[in-house]
Amino acid sequence: MRFEEFAAARLPALLRYAMLLSGDHDQARDIVREVLTRSLVKWERIQRTGEPYAYARRLVTDEYLSWRRHKKPAAGDGLWKLLGDLPKRQRAALVLRFYEGLSDQEIAEALGCRTSTVRGYVSRALTELGIEFPAGAPEEVLP
Amino acid sequence: MTTLDDLHHMFDAYADQAPDGHGLIDQAREAAARRRIRRRWQSWIAALAVVAVTGGGIAVAAGLRHHDPVVVPPRAATQTTITMADGFTPVTQSTGRDSQRLQWGVVSVTVAARPGYDTKTLTAGERLTINGHDAWYTANPSEGRTPDAVPLLGWQLPGGEWVSVRAGNRADKIAVAEQLRFTTPRDVLVPYRVGWLPPQMVASSTTVDQSETIGVTWSWATKPTDNPGEDPVRIETEPLPDRIWSQQKSDLYRSVKPVGGHPAYVRDGTSELLVETPTCLVTVGTRRWGGTPDQTVDDATLRKVAENLTIADCTNRATWSPAG
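Top to bottom, those sequences are chains D and W.
Numbering-wise, UniProt numbering puts 124 at position 124 of the first sequence, and it's gapless, one number per residue.
Numbering-wise, UniProt numbering puts 86 at position 86 of the second sequence, and it's gapless, one number per residue.
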């Protein structure tokens, strides 16, 4: 698959994911622009993995976590605002879990941590948002 | 009470407010080109510093500034005679036994003695002047047997080879053609020296891409292939550190016995051995697709090739050697 084909097919999904992570239009565009640039330069290697979207999503996550720009104050309704106040890694874990539908293992790989840490992030994030922690492990409540 | 359903609804609602991607791909492409140019300049500055001290390599530097079409055969498979004007960096550039290729944007350039179309049809087309010499443009060069031949801009070099510029619109082709420069044959440089290869093996192609990944393939002297992807030995290098490799190393590859004191890795299901130095990732592999036993080499041979490489600094061209 050529880079242009991949980008055309997956750009909307990457932007939606970046929007939920950053909570900001401009930052979402900046993050995805940077990820596309890096992907373009290394396209052959990324393509060789057979899962270019998973790698691009991981690059988006890395870019968001390493973003040095000051976080803008969270706007929007109550839940969205609470999400904006979460620590970055907790927010990323929550979006990967309940929007992207990844397993704890996949999130652990994306965030470079252990699965027990992922469960901790998700649990604390849900508590901060006032969402009752569902019975059973988060793995059992995949969307 | 807030529920997980509320969370899902909120995610869906705000994801719908994501910005559109208008212009992002073009912006990324431009940014990637700027990075390539920046990296290339950094490498050249390092190389020229060494040239200034040693007095060597002046002919190469002078060749790059030579704007007149001077192509003097013979050219080895690992040598090039094409470059582009300052500020233009090809997306990929490759050399083989019989031809050279270069791509800039969507436009591709081929230089070959046998261009694969009827040159009389080309020279019956519209005459143009490119950098002071004659060139021709035709909408139908009767390439091969395909009825839907693509428009072509082309001309013949003094050495007899034909330059063929394809893809993009007419203005794209002319713009790229005007930025081409032709020099005497120059070695493609690689950040390693080969110490051992199976007997009767000769370098047959090189590829340099925008990420500064450099590939060289070797084939049997007695059984040359027409496609570098079918050559039995391939060595690729790319500069480190690289974030993507850092991730892939743990996800896709497993560690094996070190090579020359450097960490080495393989990926199950592939015939590749990867060697990691502080500045280089070196991949030694065999042909990627199919092939009979005499068209591939085994893992022990790949390891022996890797163990006999002298790997230089991928980030410093002054330490590099001619490919082949």
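It is possible that part of the hints are untrue.
[To be verified] Straight-line alpha carbon distances no greater than 25 Å define the calculated DMTMM-like cross-link-like pairs of lysine to aspartate or glutamate that follow:
#1 W/K249 to D/D24
#2 D/K88 to W/D16
#3 D/K88 to W/D5
Hints are computed from structural coordinates only; laboratory data are not their basis.
Computed from a predicted structure; not experimentally measured.
For each hint, the structure was consulted:
| no. | hint | in the structure |
| --- | --- | --- |
| 1 | W/K249 to D/D24 | violated (32 Å) |
| 2 | D/K88 to W/D16 | holds (21 Å) |
| 3 | D/K88 to W/D5 | holds (22 Å) |
Violated hint: 1 only; the structure is consistent with all others.
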